[in-house]
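Using the sequences plus the hints, can you model the full thing?
If you're matching positions, the sequence shown starts at 672 in the working numbering and goes up one per residue.
Computed list of lysine to any residue pairs in SDA-like fashion (alpha-carbon distance at most 25 Å, straight line):
hint, residue 1, residue 2
1, K824, N792
2, K679, T805
3, K798, R834
4, K1047, Y704
5, K756, A937
6, K1017, D1034
7, K968, Q730
8, K844, P869
9, K991, H1026
10, K733, I743
11, K690, K1021
12, K878, Y907
13, K844, Y875
14, K968, F695
15, K901, Y875
16, K689, K729
17, K1055, E992
18, K968, E906
19, K934, F761
20, K798, A1033
21, K752, N960
22, K689, L1028
23, K1065, P994
24, K729, T948
What follows is a set of in silico ranges between Cβ atoms, one per label pair, in the way DEER data are often shown:
hint, residue 1, residue 2, range
25, G787, D760, 20 to 26 Å
26, S740, K846, 37 to 43 Å
27, R684, K788, 46 to 52 Å
28, K911, K846, 19 to 25 Å
29, V724, H1026, 22 to 28 Å
30, G787, K824, 26 to 32 Å
Keep in mind that the hints were calculated from the coordinates and are not lab data. All residues carry an ideal CB built from backbone N, CA and C; glycine is no exception.
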Amino acid sequence: MNKSFLVKNYNRRKIAFKKGKGSFIYSTSGKKYLDFVQGIAVNSLGHANINLVKAINKQSKKVWHVSNSFIIPEGEILAKKLTQKTFADFVMFQNSGAEATEAAIKVARRYFYSIGKIKKNRILCIKNSFHGRTIATIFASGSKKMTEGFGPKVPGFDHIEFRDFKPRFPNIKNKITNNTAAIMVETIMGEGGIKTIPVKCLKYLRKICNEKKILLILDEVQCGIGRTGKFFAFEYAKIKPDIVPIAKGIGGGFPLGAVLMTKKVASAMIPGTHGSTFGGNPLAMSVGNAVLDQIFKKGFLIKVQKVSKYFHNELNKLKKEFPKIIKEVRGIGLLIGLQLYKNNEKFIQKLTNNHLLTIRAADNTIRLLPPLTVNKKEIDLAIKILKKVCISFK
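Below you can see the structure in the form of C-alpha cells.
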C-alpha cells in the first residue's frame, strides 16, 4: 500500500474491504471474512441490507440535508416510532454516540439549572468506562489512558468502581453529594470488557436516584437497538431511566445518534440550548426509519434472543473444552465477550488469519458482535474457527 496521509491515531490492520453482504465482507484481495465486528456493533442488519439500500436510494433522490431551522418530516416520524416503543417522551437527534452522551450530560445539567438548582451539576460515572472521545466524555469515562495528554481535567465528574456493583453496590450511595445531578453508566460496558451491570444493581440505581431526586442516564450506544435481544438492555431490569443516549445500531451503518428523554428533563431544552448542523438530517432519518421498521417487525427480537442463546451455549461448550484458554463468556444477546487467559491480540490475529473478524476490549477480552440477522449456520462457522484457534494455543 502506498504512503498514507492519514493521521496515525489508529493502529489499523493491514486489510481493506471492497464489498459486504449480510454477515460476510470481502477484502480488496478477494478474501471472504465472517464479520463479527460489523463496525463495532454498528451494522445491526449486516452489510448491504436491501431495505437500507432502498431507503438511502429513495431519499437521496429527494433531499439530503435541511437545516434544523425547518421541520424535517422524516425526523418527526423516527422520533414518534422511538417514543411509541420506549420509555421516552422526546428525542433529540445527533450524529454519533459521543455527541449523544455529551448531549445527555448537557440535558442533565440544564434540567437542574432550569429548576434553580445550579449547583447540582456533577455526574457520577464508572471509572474506566467508555462514553466517547470528546473532551468532556473522556473525563466522564475516568480512564487515565484516554485522558493522558488532554488536560486540564474537565471538572464535573465523580467516579465509582465497577466492583462496587457486586457485591457491595450499596457503597454507591455514599458517592452521591448535594452537587450530584445524575448517575451515568453503560448498561453493559463495551470497551471496558463486556461487563454487565446486574439487574438488581440497575434496580438499585433507579431506587437511589428516586430517593436522592437525581437523574439516571443509561448509555446504550453499544448495547441498545436490539443488540441484547430487547430493544434496550435495561429492559431486562424493568426500569425506566430519565435519559438514554443511543447511536451505532440505530443507523445500521449510517452515522446517526440520539438522546431519548422523559418529558420532565426535556422541558429544560428550550430553543438555543443545543444544536447540531447535521443531526436529524433527512437522509439519516430515512435510514433510521428503515432500521426500526425491521427491528420492530413482529418476531425479530425473539429471533435475536433465540440465536444468541444458541451462540452462548456453543461458546460455553468451547469454554469447557478449553478451560486454560477461555476464562469467561460474557454479555447478553449478541453483545458477547470472551475473556481469555491467552493474549487477546494474538488470538484475534489468528482468528483473522482464519477469516473471522473480531475486536478487542479491556480485561484481555475479545468482542463478538455479529449482525442481528446472523443465523445458526454462520454461528457454527464462527465456533469452528474459534475451536481451531483454541487448539493452536494448546
